[in-house]
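Visitor: Each chain, letter by letter, is given below.
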Amino acid sequence: MRKRLYLICFSALLLIVAFLVSPELQWLRIALFLASYLTVGGEIILNAFKNLINGQVFDENFLMSLATIGAIVIGEYPEGVTVMLLYQIGELFQSYAVDKSRKSIAGLMDIRPDYANLKKGDELVKVDPDEVQIGDIIVIKAGEKVPLDARVIEGTSLLDTSALSGESVPREVTVGSEILSGCINLNGVLTAEVIKEFEESTASKILDLVENASSKKSRSEKFITKFAKYYTPVVVLVAVFLALLPPLILPGAAFKEWIYRSLSFLVVSCPCALVISIPLSFFGGIGGASGKGILVKGSNYLEALAQTEIMVMDKTGTLTKGVFKVQDIHPIGISQSELLKLAAYAEGYSNHPISASLKQAYGQEINNQLIDEVEEISGHGVVATVEGKKVVAGNARLMEKMGISCSETDLNGTVVHLAVDNSYAGYILIADELKEDAKQAIKELKETGIKQTVMLTGDTEKAAVKVAEELGIEKVFAGLLPGDKVEKVEELIEQKSEKGKLAFVGDGLNDAPVLARADIGIAMGGLGSDAAIEAADIVIMTDEPSKIATAIRISKKTLKIAYQNIIFAIGVKILVLLLSALGITTMWAAIFADVGVAILAILNSFRALNVKDL
Amino acid sequence: MKKKFILKGLGCANCAAKMEEAINKLDGVQEATVNFFTQKLTIVGEDDKMPTIVEESKKIIKKIEPQVVLEKA
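Which chain is which? The protein sequence lines are A and B, in order.
Just so we're on the same page, my numbering is the position in the first sequence counted from 1, plus 201.
Just so we're on the same page, my numbering is the position in the second sequence counted from 1, plus 331.
Extracted from the complex, chain A is given alone in its bound form:
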């Protein structure tokens, strides 16, 4: 690139001198013009010649050489030279811009580890991550990247997972935690046992995915490649007619004038601006999204996302946390904290998820010595003696069985009734919890223009409707088995308009068939879950449903930029073609229509990378 820059400078200098030389010294001027031309264009002409031998007629080197040599032959020295010079400057800018975007995307995806500290006996050896095998012991020091997926066997630390998940809060890891390659160790020293080979590790998989994403081409890319294929031959053909026909048919038309016009055509005939800028926009959009923890597996999916009409969501694990938690404590005759304590103690020995949530809500250590005579009644609950009091904790059936009357509850979730020494003491409601951003997620989805939001769940109608109402979801289908979900999605696909798309959001584990059936399958919480990454078209690495709307906004922005580029590039080219055919513009405008447009389009595509505010 530097060599090119020097050649351009030198050539420009010669050109300026040529302009300054007095017109009387015609031969010196011409010599200087030619020297300037050959300095900057020699390589192009050589390439054109080589390609011509190889049978590549419509390549840009050839077209540019033909146009400029043509101009020189008809005596337009300054123009021929300047067009070649500007073309080279444009090319330089273009390769600089492409290089820059390559680098900024690489920077976003800077998760590839360079080395691993492999433990061999007492020694630490720096090796290529590729050479490390499953079961090897590696050490990750503060500030280093985790090279391979591993399990911590010694040390505690904070991990920065933002490169993988877009999540800015560091994650605490300790002995037994799984750590994913691509994360950065912030403070402590970690010793870990490798659990996946490099190729199978998270960082490699994600990089592979994003790099391959642009090979699944979007419709606009396909259109542009097709357009480019016909555009150049057609323009060249028109140029030939333009050079030959008018002078033969029109009385008084000069060959020189029409050849000049047709040469301008040749300058505009290269389709490179279009062919670069559209995929670059998508590449930028995909790169930007991955920086936010949203993996898009193909340009086609990013494009389709903008056309989503129906957004179907699974409830558990997508909109809710999928973890049971105490929601309400309703004591009768005793205090709330006392009721919770008795419940936690009564269930102290149980491993049931309900017991776990009670113990978690209680939050203090259970003193096992205070618990006596525990009897677990399967499907009902527990009877135990706590601090000398007989505590019955379980469902309404258990209460009935023990002859204790309890109030009928009409609540969503699991209700644990309690009785102390045979008198009813109230109940505790345990339910799955909505994710913090679930409500915001639905609101944002509607703002992006989704026409219909639908929730599918295996839960009861009552629980589902309540969640849907709270979140503002329009349609609910409850009591579904995994197989029913596919059926429902198929029904919904029938309802959308022809151009619209249906997207399904699920957890990727149980919903694989539905993810596959939807136009766009989105999996949540992909970080560390291979299944989710395999099954979906778009993977949201964190557990935040609001990222779905973010993804749609990125998609819309990317598409807007791509369309702007298509319209701008084709528009300017056609305009300049028309004007040059009419003889209104010069070759200068033509060179702008070629390289100027390419640079502007590339700069515009750059914007797709910037997704900070989306």
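Hints are computed from structural coordinates only; laboratory data are not their basis.
Please note: incorrect hints may appear among the correct ones.
Said to hold, decoys possible - Derived Cβ-Cβ restraints for the label pairs, each shown as a range:
id, chain 1, residue 1, chain 2, residue 2, range
1, B, Lys393, A, Tyr316, 48 to 54 Å
2, B, Val400, A, Val326, 29 to 35 Å
3, A, Pro434, B, Asp379, 23 to 29 Å
Unchecked claim - Below, in silico cross-link-like pairs of lysine-lysine (BS3-like), each with a Cα-Cα straight-line distance of 25 Å or less:
id, chain 1, residue 1, chain 2, residue 2
4, B, Lys393, A, Lys204
5, A, Lys590, A, Lys602
6, A, Lys304, B, Lys403
7, A, Lys700, A, Lys498
We put the beta carbon where it would ideally sit given N, CA and C, even for glycine.
Place chain B on chain A using the hints.
Guide: Chain B only, in chain A's frame:
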């Protein structure tokens, strides 16, 4: 069988598209993609035809952009 190459010096997007089209037409190629931005060529093809596919691809690349060097990824 999948093979990956780096196309060092790949300079023109339209050329990348042309290469992709030509390599896809080779006998035994299931799918070939040229990624202009990552400068990567990925060929998925039949195992026994792979050596000829790679040879032919090299020729195609030389023909379209002579300065490009094919490196193993």
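Visitor: Among the hints numbered above, which are violated by the structure, and what are their numbers in rising order?
Guide: 1 and 3
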